[in-house]
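Numbering follows the numbering used here, with no gaps: position 16 of the sequence shown is -4.
Honestly, the hints are just simulated from the structure, not real lab data.
Beta carbons are placed, not taken as given, at the ideal position from N, Cα and C, and that holds for glycine.
Keep in mind that the hints are not guaranteed to be accurate.
Unchecked claim - The following label-pair restraints were derived from C-beta to C-beta distances:
hint : residue 1 : residue 2 : range
1    : I14       : M132      : 39 to 47 angstroms
2    : L194      : K108      : 41 to 49 angstroms
3    : N234      : I81       : 24 to 32 angstroms
4    : L266      : K196      : 30 to 38 angstroms
5    : N234      : L117      : 39 to 47 angstroms
6    : L117      : L19       : 26 to 34 angstroms
7    : I14       : F39       : 17 to 25 angstroms
As the list claims (entries may be wrong) - Within a straight-line C-alpha distance of at most 16 angstroms, the following computed EDC-like cross-link-like pairs (lysine to aspartate or glutamate) qualify:
hint : residue 1 : residue 2
8    : K215      : E198
9    : K166      : E248
10   : K170      : E248
11   : K2        : E198
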Amino acid sequence: MIYSYLAIIPLLLASIEDLRKKAVNDIINYYMIIFTFSLMLYNFLKYNLLPQNILIGLFILLLYFAFYIIKAVAIGDLFIFLWLFYYISFFNYHQFIIFLISTFLSGFLIANIYSVYLFYKNKKDKQKFILAIISLLFSLIASSILIYFYMMLLTDIIYLIFSLILLLFAAFLFKTYEKDVKEMLKFIRKPSELIEGDWIEHGIIYGNLNEEALKKIEKDFIIKKETNRYIIKPKRKLLFGDKGLSKDQIKLLNEINNKNNVELIVQEGFPFVPAIFIGYLIAILL
């Protein structure tokens, strides 16, 4: 169980980075991946020690990989689980359930809080702003009931049913304004401002690309020629979808952007690493 505490500080730092910069610093993930696999190898070779639920930990890693494939989480969230899976493998079954429920509930709360903030900041659609507040209140009440239900060891199932109904209402309300929130999370950026994992909306339009530039990018991008312009899209790779950009792709975009003043639309998402941190902390403490 003591190994589970080793991930708290790195997760906290990653959460702060995700809130401040919408991305987790590579140093945190690279350090923790190297440290974790070294620790895992050392424990196995010296003490023949593996976490009691390593298979469930690997299952959760694969689960988040599937979430990334369908674009439910970003590449930074997936990298977190490349090392976090080892520490949550020391959890018992009860802690696993608490971790999953707490993480997704925290993620939904963060999405609601962020939505309320975006509607307030952009002064858009008062009606949907009110719906966002109601959705947030419903999710807060439901979370409070679930915590009370668990802490007081209640057996009356009515509390659980009522909280689930509130969560369903909150999710339904969230769906009514989700598209508006996504629109407010679209930003125009230059290639020099891109970061790894950025999701681009539509293609990148270039008015003029010479043969040298086309040869540079043909391995990493789909190139479509139209009248007097080229539209390029990143090719699908193992850890990056057709929207998520890799470091190499960003480097190529900057190289061919010298003579093309290009701006592109980037789709950002909600910060999810803080939800992982909250879920992890709750699983350890309860």
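Please verify whether K170 and E248 have alpha carbons no more than 16 angstroms apart.
holds (15 angstroms)
When you check the alpha-carbon spacing of K2 and E198, does it fall within 16 angstroms?
Outside the cut-off at roughly 29 angstroms; violated.
Consistency of beta-carbon spacing, L19 to L117, with hint 26 to 34 angstroms
With a Cβ separation near 43 angstroms, L117 and L19 fall outside 26 to 34 angstroms, so the hint is violated.
With a cut-off of 16 angstroms on the C-alpha distance, tell me whether K215 and E198 pass.
Given that 16 angstroms is the threshold and the Cα spacing comes to 9 angstroms, the pair holds.
Verify the CB-CB distance for N234 and L117 against the hinted window 39 to 47 angstroms.
holds (45 angstroms)
Per the hint of 24 to 32 angstroms, is the separation of the Cβ atoms of N234 and I81 within bounds?
With a Cβ separation near 42 angstroms, N234 and I81 fall outside 24 to 32 angstroms, so the hint is violated.
Pair hint K166 and E248, alpha-carbon separation not exceeding 16 angstroms
Holds, at roughly 6 angstroms.
Would you say the C-beta atoms of I14 and F39 sit inside 17 to 25 angstroms of each other?
holds (23 angstroms)
Given a hint of 41 to 49 angstroms, does the C-beta separation of L194 and K108 actually sit inside it?
holds (44 angstroms)
Check the following: the C-beta atoms of I14 and M132 are separated by a distance inside 39 to 47 angstroms.
holds (43 angstroms)
Do the beta carbons of L266 and K196 sit within 30 to 38 angstroms of each other?
Cβ of L266 to Cβ of K196: about 53 angstroms, so the range 30 to 38 angstroms is violated.
When each numbered hint is compared with the structure, violations occur for hints 3, 4, 6, 11.
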